[in-house]
Amino acid sequence: MGNISIGKKGRIHLQPDPVAWVKEALKNWPVTEAFLTAAIATRSQELDLPYEDPADRFIAANTLIYGFELMIFDERLCAATWLPTVES
Numbered sequence: 073m074g075n076i077s078i079g080k081k082g083r084i085h086l087q088p089d090p091v092a093w094v095k096e097a098l099k100n101w102p103v104t105e106a107f108l109t110a111a112i113a114t115r116s117q118e119l120d121l122p123y124e125d126p127a128d129r130f131i132a133a134n135t136l137i138y139g140f141e142l143m144i145f146d147e148r149l150c151a152a153t154w155l156p157t158v159e160s
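In the numbering used here, the protein residues as written are 73 to 160.
These are calculated hints, taken from the structure and not from any lab test. Predicted model, so just to flag it, every value in this text is computed and none were measured. Watch out, some of these pointers could steer you wrong.
What the hints assert, rightly or not - Capping the alpha-carbon separation at 25 Å, the derived lysine to aspartate or glutamate pairs in DMTMM-like fashion look like this:
| # | residue 1 | residue 2 |
| --- | --- | --- |
| 1 | K81 | E96 |
| 2 | K81 | E118 |
| 3 | K81 | E159 |
| 4 | K80 | D146 |
| 5 | K95 | E124 |
| 6 | K95 | E159 |
| 7 | K80 | D125 |
| 8 | K95 | D120 |
| 9 | K99 | D89 |
| 10 | K95 | D128 |
| 11 | K99 | D125 |
| 12 | K80 | E118 |
| 13 | K80 | E147 |
| 14 | K81 | E124 |
Unchecked claim - Now the in silico label distances, taken between C-beta atoms and shown as ranges:
| # | residue 1 | residue 2 | range |
| --- | --- | --- | --- |
| 15 | L108 | E147 | 22 to 30 Å |
| 16 | D120 | D89 | 17 to 25 Å |
| 17 | K80 | E105 | 16 to 24 Å |
| 18 | Q117 | D89 | 31 to 39 Å |
| 19 | E141 | A92 | 20 to 28 Å |
We put the beta carbon where it would ideally sit given N, CA and C, even for glycine.
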C-alpha cells in the first residue's frame with residue numbers, strides 16, 4: 073500500500089493516520105488485487121517513467137494490463153498522464 077508509505081513519510085496527510093485511512097478506504101472503494109506476473113514485469117520496463125522505482129513501475133504496469141483505474145496520491149505517478157487514475 074503505497075499510500076501508507078508516503079503517509080508515514082509525511083508526503084501526504086491521511087487522517088486519523090495512514091493505516092486507518094487505508095483500511096477505511098478499502099471498505100468504501102472497489103479494490104482488486106493484482107499480481108506480479110512475467111507480463112507485468114516485462115511491461116514495467118517498457119513504461120515511459122522518468123525514474124527507475126521498480127514498485128511504481130509494477131503498479132503502473134498492473135494498472136495498464138488489467139485496465140484498472142489507479143487510486144494513488146504519489147505525485148510522480150499522478151504526473152504520468154497516460155496512466156488512468158481515480159479522480160479524488
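Hint check results:
no., hint, in the structure
1, K81 with E96, "holds, 20 Å"
2, K81 with E118, "violated, 29 Å"
3, K81 with E159, "holds, 23 Å"
4, K80 with D146, "holds, 13 Å"
5, K95 with E124, "violated, 29 Å"
6, K95 with E159, "holds, 19 Å"
7, K80 with D125, "holds, 18 Å"
8, K95 with D120, "violated, 31 Å"
9, K99 with D89, "holds, 16 Å"
10, K95 with D128, "holds, 21 Å"
11, K99 with D125, "violated, 28 Å"
12, K80 with E118, "violated, 30 Å"
13, K80 with E147, "holds, 15 Å"
14, K81 with E124, "holds, 20 Å"
15, L108 with E147: 22 to 30 Å, "holds, 24 Å"
16, D120 with D89: 17 to 25 Å, "violated, 34 Å"
17, K80 with E105: 16 to 24 Å, "holds, 22 Å"
18, Q117 with D89: 31 to 39 Å, "holds, 35 Å"
19, E141 with A92: 20 to 28 Å, "holds, 23 Å"
Of the numbered hints given earlier, the model fails hints 2, 5, 8, 11, 12, 16; all others are met.
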